[in-house]
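J.: Listed below are the residues making up each chain.
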Amino acid sequence: MSKTRISRRGLLGAAGAASAVSLFAGPWQHNRVWAQGAAKPIRIGITADASGQYANSGASDKRGMMMAIAEANERGGVLGRKVEFVHIDTETTAATGSRVAERMISREQCGFLVGAVHSGVANAISQVAQKYGVVYINTNSSSPTEAGQNCHRVKFVFDGNGTNFAKAAVKSAIERFGPDWMLLTNDYVWGHDTAAATKTLLKEYGGKVMEEVLIPQGTRDFTSALLKVQQHKPGVVSAAIGGDDQKAMRQQVVQLKMGDKPAWINSQQDWDDVYGLPIETLFGVFGTTWYYRLDLPGVADFVKRYQTMYPETAMRSPGNVFYNGYMSIRELLGAVERAGTTNNIAVIKALEGHKIAAKDRMQHFDATIDAQTHQVQQTIYLATANKAPKEKDDIFEVLSQARAEDVRDTDSAKLCKLEPYEQTPTFDA
Amino acid sequence: MIDLLPHIINGLTLGLLFALIALGFTLIVGVMEVINLAHGSLFAIGAYFALTVIAGSWFAGTPFGAWWLSLPLGLRYVLALAIGPALAGLAGMLLELCLRPTYGKPPLYGLLLTFGAALVIEELIRLVWGTGEQNLALPQAINGAFLLNGMIFSTYRFFAAGFSIAAIVAVWLFLERTSAGAVIKAGAHDSEMVRALGYDLARLRLVVFGFGAALAGLAGVVMVPIWGLRPHVGVDIVIPAFLIIVIGGVGSFWGAVIAALLVGLVIGITGVYAAAWSTMSMYLLLIAILGFRSRGLLGRKSALEN
Numbered sequence: 000m001s002k003t004r005i006s007r008r009g010l011l012g013a014a015g016a017a018s019a020v021s022l023f024a025g026p027w028q029h030n031r032v033w034a035q036g037a038a039k040p041i042r043i044g045i046t047a048d049a050s051g052q053y054a055n056s057g058a059s060d061k062r063g064m065m066m067a068i069a070e071a072n073e074r075g076g077v078l079g080r081k082v083e084f085v086h087i088d089t090e091t092t093a094a095t096g097s098r099v100a101e102r103m104i105s106r107e108q109c110g111f112l113v114g115a116v117h118s119g120v121a122n123a124i125s126q127v128a129q130k131y132g133v134v135y136i137n138t139n140s141s142s143p144t145e146a147g148q149n150c151h152r153v154k155f156v157f158d159g160n161g162t163n164f165a166k167a168a169v170k171s172a173i174e175r176f177g178p179d180w181m182l183l184t185n186d187y188v189w190g191h192d193t194a195a196a197t198k199t200l201l202k203e204y205g206g207k208v209m210e211e212v213l214i215p216q217g218t219r220d221f222t223s224a225l226l227k228v229q230q231h232k233p234g235v236v237s238a239a240i241g242g243d244d245q246k247a248m249r250q251q252v253v254q255l256k257m258g259d260k261p262a263w264i265n266s267q268q269d270w271d272d273v274y275g276l277p278i279e280t281l282f283g284v285f286g287t288t289w290y291y292r293l294d295l296p297g298v299a300d301f302v303k304r305y306q307t308m309y310p311e312t313a314m315r316s317p318g319n320v321f322y323n324g325y326m327s328i329r330e331l332l333g334a335v336e337r338a339g340t341t342n343n344i345a346v347i348k349a350l351e352g353h354k355i356a357a358k359d360r361m362q363h364f365d366a367t368i369d370a371q372t373h374q375v376q377q378t379i380y381l382a383t384a385n386k387a388p389k390e391k392d393d394i395f396e397v398l399s400q401a402r403a404e405d406v407r408d409t410d411s412a413k414l415c416k417l418e419p420y421e422q423t424p425t426f427d428a
Numbered sequence: 000m001i002d003l004l005p006h007i008i009n010g011l012t013l014g015l016l017f018a019l020i021a022l023g024f025t026l027i028v029g030v031m032e033v034i035n036l037a038h039g040s041l042f043a044i045g046a047y048f049a050l051t052v053i054a055g056s057w058f059a060g061t062p063f064g065a066w067w068l069s070l071p072l073g074l075r076y077v078l079a080l081a082i083g084p085a086l087a088g089l090a091g092m093l094l095e096l097c098l099r100p101t102y103g104k105p106p107l108y109g110l111l112l113t114f115g116a117a118l119v120i121e122e123l124i125r126l127v128w129g130t131g132e133q134n135l136a137l138p139q140a141i142n143g144a145f146l147l148n149g150m151i152f153s154t155y156r157f158f159a160a161g162f163s164i165a166a167i168v169a170v171w172l173f174l175e176r177t178s179a180g181a182v183i184k185a186g187a188h189d190s191e192m193v194r195a196l197g198y199d200l201a202r203l204r205l206v207v208f209g210f211g212a213a214l215a216g217l218a219g220v221v222m223v224p225i226w227g228l229r230p231h232v233g234v235d236i237v238i239p240a241f242l243i244i245v246i247g248g249v250g251s252f253w254g255a256v257i258a259a260l261l262v263g264l265v266i267g268i269t270g271v272y273a274a275a276w277s278t279m280s281m282y283l284l285l286i287a288i289l290g291f292r293s294r295g296l297l298g299r300k301s302a303l304e305n
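Heads up: the protein sequence lines correspond to chains A and B, in order.
Position one of the first sequence corresponds to residue 0 (numbering that gives the first Met the number 0), numbered consecutively onward.
Position one of the second sequence corresponds to residue 0 (numbering that gives the first Met the number 0), numbered consecutively onward.
In short, the hints are calculated from the structure, not lab data.
Quantities reported herein were computed from a predicted structural model and do not represent experimental measurements.
From the three backbone atoms N, C-alpha and C, an ideal C-beta is built for every residue, glycine too.
Treat the hints with caution; some may be incorrect.
Label pairs and their calculated CB-CB ranges [unchecked claim]:
#, chain 1, residue 1, chain 2, residue 2, range
1, A, A69, B, G64, 32 to 38 Å
2, A, A370, B, Y282, 25 to 31 Å
3, A, Q108, B, Y282, 39 to 45 Å
4, A, K416, B, L289, 43 to 49 Å
5, B, T177, A, R106, 55 to 61 Å
6, B, L147, A, R106, 57 to 63 Å
7, B, L283, A, K81, 50 to 56 Å
Computed, partial: chain B to chain A, Cβ under 7 Å [said to hold, decoys possible]:
#, residue
8, E122
9, T130
10, N134
11, P138
12, I151
13, T278
14, Y282
Throw the hints in and build the complete structure from the sequences for me.
T.: Written as structure tokens, this is what we have:
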């Protein structure tokens, strides 16, 4: 038995010492202030998929972020601090997204998280980020829920969403191709939300849904669904099918020569999903937020910078996924500079409501980071296959551009309830 | 009321394609008793080599490349159908050599090794052919669509299904009508007895693995014009292939074929009434069949059942 006695004086002394230490080290977030001194680099966690359904898009997303980080460092960093990044594969899997976010924050000491293509992954990351108060930018996942019921104070959504694209397309498609629509919907959150937005608009403009066919994620054979389309004979098929599923579907639609009739509306067409494929696989009308041949100031130089930085990349022209990755980091670092600090709440406030000039975003109209939903309200383009390409990669023909205010997702604004600032942990990154 | 006939036809063609995928898998499992998780990667390798043969991309810009591309697409496609599987077979043989230290050890060793091989092969594919989506060009004669009973069907899908039937029959004839096939079948039944009869078991395993891998490669060449080609395309087929050989009875040739047709039909018909359940339906089929018959449709009785 130990002979050590705990005296009252000793106990009080130990308690005092413990209190002093805790004041210094404090709760976790203050500890991070101490750990990340002013001279330390700003550390960004890139949460991009390197495997799974969105591996290809994830690689572009990451390349965009890396170019923005490289350019920031060439300018001397941000607030005199170098910017560095850590990348861990989120595997296009929500559970992995959570694990990666936890690790990046608690072990890799990342002050910001950026990246996602899959809505389920983005949602999982943002829940972890909100718990720690870490600013997270969802670069490329376009489910309306991301800026709707799954919005968070720390999360900012940089892609256009299914509702934005549907608003840009549905009304004119009803007028042109008739009110009878069939929906092919990927059976996960983005697919459901996009289809819900389309259904709401169909109701509003006098269209009707003949049938909605739910397509399980990972489907490689679409013949059954395409036979149903033939049996129903709709005027329009609205497809909310993403990633590899969409690639397989496109291939099979072309084989069945169904690309021209019925009319196809694809919510958003990520550049990475069609790059290098024959032009006939690019049937129908689809949405995008950016195209590398937009006749706007800065676009050509941006493309050149991409080609210089990535000379070995098979994708010789950047697409919307790369663009969103790049813009996310650039706006995040811009917000840090405007705030003059890496304090998360100050950075959030610098991002909220921030207006971005059209020329800075290389889009047709000005954009705003919606203070209510944290989604970037931006120009939405409708495009189709380019039958008269000027060069090999010129596969899109941009049909129209809609102003942000005309395609704003008002439903998300009703559903989004951002956590109050005081309920968001604060720290300096 | 939806006409079910087109969906039944669709289910049967899908089943035939599944059968082609499962053939090599069941052969390897039957003879080697190794669950080859790299089967999908060998499928992908066959398809990627076929892509190289058809597009001639490795020789682009050279006089040979120009001459190669001047050959008719049909001829390049036929060559791809031979070269892609052959090279996948060679890759399979290489994998079998790596597997040798695991023989006689718990099955987990072989399982882990083939899983690791699948990851390595996928990364190699990314390095050699890139990460993006690729497209296998098809000759005009088998491309396009045709009308049947008022419905449009893909010509290539029917070509692929017909090709699968031919491959199934050819493999069956090889196993049933040739002495090499008899040795392989005997190896699947009792490999020690085959060794006792003086056959080189190591060589038999090498040949069977190579043959199974070549069949995977052949399935790859045939399937990717429908499913598309990307580095992880092999992942898409491992689970259906495994599920089919379990339903059919591990090691049973006709069991795998019947199971593949059943899976295709179930997916096709579920797609009509409850599309969201179409992928799930094959797992439900597995549960239903194994619930009543644990060794699968045509699997051998285990010693415990006697």
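J.: A separate judgement is required for each hint: does it hold in the structure or not?
T.: Evaluated hints:
Separated by about 36 Å at the C-beta atoms, A69 (chain A) and G64 (chain B) satisfy the suggested range of 32 to 38 Å. Separation of A370 (chain A) from Y282 (chain B) is about 46 Å and departs from the stated range, judged on CB atoms against 25 to 31 Å. Between Q108 (chain A) and Y282 (chain B) the Cβ separation comes to about 42 Å, which falls inside the hinted range of 39 to 45 Å. At roughly 47 Å, the beta-carbon separation of K416 (chain A) and L289 (chain B) lies within the given 43 to 49 Å, and the hint holds.
A hinted range of 55 to 61 Å for the beta carbons of T177 (chain B) and R106 (chain A) is consistent with their spacing of about 59 Å. The hint said 57 to 63 Å for the Cβ distance between L147 (chain B) and R106 (chain A), and at roughly 59 Å that hint holds. A C-beta distance of roughly 55 Å is found between L283 (chain B) and K81 (chain A), which places it inside the suggested range of 50 to 56 Å. Checking E122 (chain B) against chain A: minimum C-beta separation of about 10 Å lies over 7 Å; hint violated.
A cut of 7 Å between beta carbons decides the hint on T130 (chain B): the least distance to chain A is about 5 Å, and the hint holds. Satisfaction of the interface hint for N134 (chain B) is found here, the shortest Cβ-Cβ separation to chain A being roughly 6 Å, below the 7 Å cut-off. For P138 (chain B), the interface hint is violated, the least distance from its beta-carbon to any beta-carbon of chain A being 13 Å, above 7 Å. For I151 (chain B), the interface hint holds, since its Cβ comes within 7 Å of a Cβ in chain A; the closest pair sits about 5 Å apart.
Because the closest C-beta pair between T278 (chain B) and chain A is about 4 Å apart, less than 7 Å, the hint holds. The closest approach between the C-beta of Y282 (chain B) and any C-beta of chain A is roughly 11 Å, which is over the 7 Å cut-off, so the hint fails.
Checked against the numbered hints given earlier, the structure breaks hints 2, 8, 11 and 14 and satisfies all the rest.
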